[in-house]
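Asker: Here is how the chains run, residue by residue.
2 protein chains.
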Amino acid sequence: MSSPAIALLLTGHELMTGDTVDSNSALIARHLLSQGILVAEKCTVGDDPEALRTAITRLSQDHRAIIINGGLGPTDDDLTASIVADLCAAPLVEHPKARAHVEAWCERRRIRANPANMKQAWLPTGATLIDNPVGSAVGFALTLNNCLLLTTPGVPSELAAMLPAVADSLTATLGGAPAYIRRVQTFGVGESTIQQWAKELGDQWPTTVNLGFRAGMPQLELKLTVAHAHEVPDQTRAYELLEAKFGDHILGEGETQLAQVVQDALRRQRKTLTTAESCTGGLIASMITREPGSSTVFGTGFVTYANEAKQSLLAVSHQVLEESGAVSEAVVRQMVLGALDQSGADIGVAVSGIAGPDGGTEDKPVGTVWLAWGTREDLRAHCAQIPGSRTLFQQLVAAVALDLIRRHLLGLPALPHYFTRQAQ
Amino acid sequence: MSSPAIALLLTGHELMTGDTVDSNSALIARHLLSQGILVAEKCTVGDDPEALRTAITRLSQDHRAIIINGGLGPTDDDLTASIVADLCAAPLVEHPKARAHVEAWCERRRIRANPANMKQAWLPTGATLIDNPVGSAVGFALTLNNCLLLTTPGVPSELAAMLPAVADSLTATLGGAPAYIRRVQTFGVGESTIQQWAKELGDQWPTTVNLGFRAGMPQLELKLTVAHAHEVPDQTRAYELLEAKFGDHILGEGETQLAQVVQDALRRQRKTLTTAESCTGGLIASMITREPGSSTVFGTGFVTYANEAKQSLLAVSHQVLEESGAVSEAVVRQMVLGALDQSGADIGVAVSGIAGPDGGTEDKPVGTVWLAWGTREDLRAHCAQIPGSRTLFQQLVAAVALDLIRRHLLGLPALPHYFTRQAQ
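Line order of the protein sequences matches chains H and F. Counting from 759, one number per residue, gives the positions in the first sequence under my numbering. Counting from 759, one number per residue, gives the positions in the second sequence under my numbering.
Since the hints were made in silico from the structure, they are not lab data. Warning: the hint list may mix true and false statements.
To be verified - Label pairs and their in silico Cβ distance ranges:
1) H/Pro1050 to F/Ser781: 40 to 50 Å
2) H/Arg816 to F/Gly1051: 48 to 58 Å
3) F/Val851 to H/Leu887: 35 to 45 Å
4) H/Ser1082 to F/Pro922: 25 to 35 Å
5) F/Ser781 to H/Thr883: 35 to 45 Å
6) H/Pro807 to F/Gly884: 48 to 58 Å
7) H/Leu1150 to F/Glu1011: 17 to 27 Å
Stated by the list, open to error - Computed footprint of chain H on chain F; a stretch qualifies when at least three of its residues, placed anywhere within it, have a C-beta under 8 Å from a C-beta of chain H:
8) 775-783
9) 862-876
10) 913-924
11) 1149-1156
Using N, Cα and C, we set each Cβ at its ideal position, and we do this for glycine too.
Using the sequences and the accompanying hints, generate a full structural model.
Answerer: Spelled out as C-alpha cells, the structure:
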C-alpha cells in the first residue's frame, strides 16, 4: 500500500510497569487504517521528561506526523504539553477556548475548578485545539521539525471520541486514501471454522479480497478488505458467499452489537422482552439496557439467584426444584413463564447454570447451563456446556441468551452452530 | 530508583494495524519489575526488515539490554533470527539443541517436522538458547554493541513460560533488586485530589516513597513504591498518612474489588442484600454476582426499568410516580422498601436516573440520579450528577451504589468525597 505512515508515541508510567495493557494504540491504528493511514512505529516511554524529549525529537525526524497519547491529565506527572512547548520553543499560555472547556466541564459536574484542573487549559503558544467531547483534557496540534504533532488524552473513551478529528488533521496534512474495508459482526461461529470454510472454497473466493478477523468479546468481527475501488464488486461477492454459508450468525455491519439487534427487532415487531436470570445475575438485562432506547422494549427483569427468589417471584414450584434441581429444563421453563406472567412482556428468556468455581457435580459440572426462551406458545429449552472462567461463562451465557432471542425474533434456525456442533 | 532499565522491541504486522492489542509487553514489564528491572522504552514495528534493523540498532545503542518479542515463528514473515544474525555478523546455523527441541515438539503432536518447523532450529552463530517449555520456537541470547539481545516468541503462553529464564539472563548481566510496591485500591476520590493533598503535606510525606496512580474503571489504584528494603517503614508511614486522610475511600490492597468488599462485609455480618435498579438495568446485581460466593449474600434483584414494573413488583405508588417523577427521592425510597419486602433481604439499594442520551429535562438533566440505600430503619437517599456517556454513567452509578452499601455496612461516613465535593 502506498498509504502515508505515521508514528505513535504513548506515554505513561503505568504502561512501563505493565500495570496497564495498552489498548489505545490498537484503537488509534484501526481508526487510522480505515482512513488509509498506516502506523509505522509505536514508541512507549514513561512519564520521564528526558525520555519524552528524546522520543519526540527522534520520531519527529523520522516521520511526518506523530500522535502523542497520554500525559494530558491534571497532575504533575502529565508532562506532554510542557515538553512539546519546550521542544517547539512555544511557551505554555492559558488558551481561552481550553479554559472555557475546562470550566464548562467542572460546571457540568457542579465542582469548582482547582489548580490541577486549570493546568489543562495551558497549551503551547500557537497550538490548535483538538476538542475533547467527553473529558476535561483537550488535545492540540503543533508542528516540530516539519512534523505534525497531535496530542490526545490517555483515557480510552476520550481518545475514541477525538479520533475522527485527529484523523481529519492527519489526512489534511498527509493526504491518504481510504482502504475499502467491510466489517461484518458475527456471533457464535469461530475463526477456525470460518477459515477452514474459506480454504475449502478455493477458487470461488475472490483473490482480491482479504479476509481478516478481530476477536471481540463476545462477538467476532470479520473484515473483507480490497485495495482498490474497482474491486468492491469482488468484496460484495465475498460477502454473499459468507452470507450464504453463515448468514444466521451475521449480526450486521460496522459496530453493530448483539443487544442492539435484539432491541431493533423487538421495536420493529412492537414486542417487549423480559429476563429471568440465575447464573448471569443481571448481566442479560444490563446488556439490553446498555443500549439507548431500551425502555421501549424492556420494562422488567428478574434476578432470581436464590431458589427462594425463583419460587416467590417467578412461581417456580418447590417440587420441581427439589426433583430436578435449579439447573434443569423444568426450572428454566417455569422461570420464563413466571417472568412473562409477572411482567406482561411478550417474549422471555431464562438461564440457570453453574458458573463456578464451586457448585459443580459429576452430573452437572461447572459450565453447565439450561436456557429457555420464547413465548408461552412457542417456548424452547436447551442445555449447553460453556467452559471458561466464571466471568467468561457469565458473559457467554448472557450473549447466547440474547442470540437465542434474536433467532426467535428473526425466524432464523433456532440453534446456532456453537450448539449444533456440541450436539454432534 | 536505581534499578537497571532495559528496552522492549515488539514486532508483528497485527500490532501495527490494531488487530491485536499488545498484552505481551505488560506481561514482560510486570515480571521484570518484580525482579527490580524497569522497562525504559517500548518500541513496536511491523514485520518489515528495514524497520526492524533500524530499531534494533538504535535501541542497542541506547540501552544495555533489549527483549525482542515476536518474529520467531515458522513462517516467512518471521524475521527476527535472520535480522539479528545479520546485524551481529553471526550467520544462521542449525543449532543442535534447537533442532532436538523442534523434533521433540513435533513428536509429541505426532506430526512430521516440515521445513517451516525446522526453520526454527536455525539461530545466529554463537547464540545461547532460551528454552521454550510450551511451544516450538526457542528463544536465544546474543550481544550487539555491548547490548544483550534476548529473543522471545509472540504467543503469550509461550512468552509467559520463558520469562523466568529471560529475567535470570538479565539479572545475571545487569544486576537488579526487587522493588517494594504496595498497591492500594480506592474508590470515589480523584487522582488530582490526592496529588493536591500530597503536595500540601510537603515534608511530612517521606521522600523515599514514590506515589503512583493507575486509573481503573471504576477504581483508582495507588502505588507506594520504595527502592530498598530499609525504606519499607517509610512506606508504612506514607500508607498511614493516606489512611488518616482518605481511609473511607480505601477498599483494600492488591487486586481488591469493590463488589468483593461488599460481599465480604455482608458475609461477616450474616446479612443479605437486594437491588432495585432502574437506570443501571441489572448492572449492580451483575457486579455482585460476578464475584464467586455471591449466593450466600445475594438472592434477589429487581430490574424495574419501566414505571409499571416499579409499581407491580416493588409497590411504588402511582401517585408518587405521578407527582415526583420516576427520578425522585420518594420513588427510590419506595423502591428499596418494596425490594426489602419482596426479597426478605436485610439491606437494599435502589437507583433511578437519566442515563441518556435522551430523557433529560432542564430540571433533571441527563446524568441526574437518585439513590436510596440501607435498611427499613436506617434508610438514606441522595441525588447526584454523574455526567459522561450512557455506559460510563451506568458503570459509575452501579459502583457508587455498591460503595454506599459498603459505607453503610462498615460504619463509614455515609457520603463519599465525590458527593460532598458536589455539595460544596
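Asker: Kindly confirm whether 40 to 50 Å is satisfied by the beta carbon distance between H/Pro1050 and F/Ser781.
Answerer: violated, 31 Å
Asker: Does the hinted range 25 to 35 Å hold for H/Ser1082 and F/Pro922 at CB?
Answerer: Because 49 Å falls outside the window, the suggested range is violated.
Asker: At a Cβ distance under 8 Å, does chain H reach at least three residues of the region 913-924 of chain F?
Answerer: violated (count 0)
Asker: Is the hinted range of 35 to 45 Å satisfied by the C-beta distance from F/Val851 to H/Leu887?
Answerer: For F/Val851 and H/Leu887 the Cβ distance comes to about 57 Å; the hint is violated.
Asker: I want to verify a distance hint. Is the separation of the beta carbons of F/Ser781 and H/Thr883 within 35 to 45 Å?
Answerer: holds, 39 Å
Asker: Taking the Cβ atom of H/Pro807 and the Cβ atom of F/Gly884, is their distance within the range 48 to 58 Å?
Answerer: violated, 39 Å
Asker: Do three or more residues of the region 862-876 of chain F come closer than 8 Å to chain H, measuring C-beta to C-beta?
Answerer: violated (count 0)
Asker: Is the coverage entry for the region 775-783 of chain F by chain H consistent with the three-residue Cβ rule at 8 Å?
Answerer: holds (count 8)
Asker: Just to be sure I understand the hint, the distance between the Cβ atoms of H/Arg816 and F/Gly1051 should be within 48 to 58 Å; is that true here?
Answerer: holds, 52 Å
Asker: Three residues minimum, CB to CB under 8 Å: does the region 1149-1156 of chain F make the cut for coverage by chain H? Let me know.
Answerer: Held - the region 1149-1156 of chain F has 3 residues with a Cβ nearer than 8 Å to chain H, which meets the minimum of three.
Asker: So the hint says 17 to 27 Å: do the beta-carbon atoms of H/Leu1150 and F/Glu1011 match that?
Answerer: Roughly 26 Å apart at Cβ, these two residues keep to the hinted range, so it holds.
In the structure shown, a violation is registered for the earlier hints numbered 1, 3, 4, 6, 9 and 10, in ascending order.
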